[in-house]
Amino acid sequence: MKKLAKLLTILVLCLSVVLGTVGCSCGGKKGEKGVLAIAAFMAGDEDTPFWLKDMVAAYKQDYPDAKIETRFDALVRDIGVTAYQTNDSQYDMIFLDGMPLGNAVEEYGSLYCLNDLYNNPAEVNGEKETMNLSEKIRPGLLKSVQYGGDKAQYKDNYYLAPAPSGPTSIIFNCDAMEMVFGEDWEDRIPNTTDELIKLCQDIKTANKKVNIAGTNQVVRPFVYSKALEYWRYLYLPFIAQYSGIEAWERMQSCKNDAGQYDKNLYFPDGKEKALEVLYSLINKNAGFADAGAAGYEFTDAQGYFLQGRACMYVTGSWLEDEMSGKSKYNPDLKMVRVPIVSALGADMGITDAQLSAIVDAIDAGETELAGVDATDFARVAEARKYVYTLANSSISFVPECALNKDLALQFYRYMYSDKGLQIMLNSGASLLPCEMNSNLTIPTTDKNGQPLSVFRQSVYEVAFNPMTEFMYSGGNDPINYRAGLAFTIQSQGPEAAFLQKNPKSVSQYMTAERGAFENKWPQMMVNVG
Amino acid sequence: MVANDIEKNVNEEVVDVSVDDVIASQTIDGKVASAVVKKQRRKNAINRGIFIGCMLSVALINFAIFWVYVNFNSILMAFQTETRDGVIWGFQEFTKFFEQFSNEYAEPRLADALGRTLILFVLCNIVMMPINLIITYILFKKVPGEKFFRVIFFLPSIISGAVLVGVFRRMFAIGGPIDALITAIKGTGFEENWIASNEYTFKLVLIYVFWTSWGGNVVLLTGAVYRIPSDVLEYASIDGVGFFRELVQIIIPMIWPTLSTLLVFATAGLFTNSGPVLLFDEKNQYDTVTLGHYIYMQVKLYNSYNYPSAIGLIFTAIGFPIVLVVKWALGKVYEDVEY
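Protein chains in written order, with our numbering: chain A, 170 to 698; chain B, 188 to 526.
What the hints contain is simulated information worked out from the structure, not anything from laboratory work.
You can take every hint at face value.
Lysine-lysine pairs mimicking BS3-like chemistry, simulated, CA-CA at most 25 Å apart:
1) A/K367 x A/K554
2) A/K453 x B/K470
3) A/K377 x A/K453
4) B/K283 x A/K432
Produce the complete structure using the sequences and hints provided.
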């Protein structure tokens, strides 16, 4: 009996060791051959509208024999990270809100190469379109799904597939604005940054109050949260407006036209101009937001915005869906284009009023304005095009270990077909991974057949305006994923620096930034390799 | 006679041999019996080895991979620098450390991180240890509500740090209870948002650490204090020893082994006092970075492994002799007391 007990104990211990080892080497749960497993990061709850739900439903109708398992929730971000870091996943397609393509390819070899997808057209039930996907996907997005490093074996390979997204910009609470300025508040929508600052001052001076749960709250120009990077959706376009989109793109990689790294490219002159506007908006003395805003959770800030405690909030087209059902306040919201940086007018030697007039003319579809030099007009028109988006981080991939790569490719081909793109549009997407074409129709009602909300209409006006060109940040150059190049190289970004009681001036910030950048540059070059 | 000898031998040396085996061996002569015992002993030794090996294998593998390998590799990495042409060996990362230590443009500055780490060390150990001791003593003296306070003081050690920091941040937010209290007293509240301030956020971390450390070592110290023989304290009481004299001249010397162990451990963690900085300032935007956070940022943001390894090695080299000196010095304060 004693011996038996000993043997059993040894057996159990051995089993635990063996099982542990097996667990480590063989990974977790595996998928099932013939069943397409899709996981997608979704920030909201299960009732949140989500384009991929509609896509899967439509796909099942067109491919009745298809078997699909889905998982849509916030934990998928972790699943995705595990998948590309360990090359182990039960899912065949994973949709995320960002991932380091270069690292995943070079260090983990965990991404399935999608060249076959991009070098063939989209199709529905065997019916192929004429254009290959590499021609159909937006060029700006195409760059971000392609390997951008220097390893010959991966050169120019495609590893990611873009998903629909939307624009980011200033969003107005129409009800709050109407309370402050009356019915004609839309006349005050700023064309230039000087007008924006003036608008903020006017809202502050008005000192209107809104009663929330029995307490009077001052209506502020802005609300923001501790996620200070949201401000970048507003001020990053100023860089492209002032210095041009090429300068903006070179800043993202610090690479000149000859393909050589140049640290001076990190400092286009528009950067300082953009920060000057930011400083005017968020420095403590301006008083354009609650003193405690930098401590708010973003959901709190959005809740306060819906309550009407602020007239403006800087975020993206997802706001309405994200806050759906989370607040009893349901004001009309309106997204507008980012104003033109007033420094551009000063640079051209025109007044801010003239700059604003040019913007009005451009928005009205004019191609010239009396008394304005054609070159100046063209420069403002160019600047007016840019709308910032996070679309290049809204991506998906097929893990190298996926069991159903063929099914995943088939699903992608459906997704990027005009039929699939229309499903995205009908689900509320405002920035498609592909350019719009004549087969696609911008919806006039929501999914339930109801008229579009004011917010959705305004998002469409920004996103589908023929003059709109989207600008993206980040990039697939090794300096981004090997050396950590980001918009700011300092741990304290400009937003936090300007919020302080004794804030740095813009020039102080830029001097510190340049010093920190030059100090880091040699190590960055080593890391880039 | 043979059987008796065998039995004696077995009882003395091989306790695992059963009596049945011994009885069975009564029928054979001395030589054979001895061989049987030796064989049995060897078998037992093998079985014991297998058993101990199995029991320890998981822990040993874990130790070998996650301690021996990781630390050994970290030491090697400190002497490696990755270049375009591959890895080169040398002291480049150490040179970089001294160049960057107080470089105005190093971002963030290592000297500042070290300063904050040392401030946290002083707070957690030099300030809080005596407070912990006094609290332990007060609770030991059975003050009214002693059990209640014991639980309350220990609560921060049980509740998740994320939850506690969340609550704490709300307390100090503009419009929060502390702000309301100050407004009620002074007429104006916080002049600055403490949870997003270069000047105040680290101070807030210190306040939090102070607040949550009241019960920190109370459990260990209470255990030590309760071991003191009651007759020693009764004797002191009869001699008219007062409250503080009893603490200083009786309690502290008698729990000195526990106290000095705590102090030695605290000194060993001199450079690892990072505090809950990540919970207060996840992106290190408000001048809160400590050494641990600095190293974390080097890896996370810049994919740098060699430089953090060198930093770790340098501070280990500084910390190790300090620990030895402190241990020696503490051993000189009081002689060990056995009771």
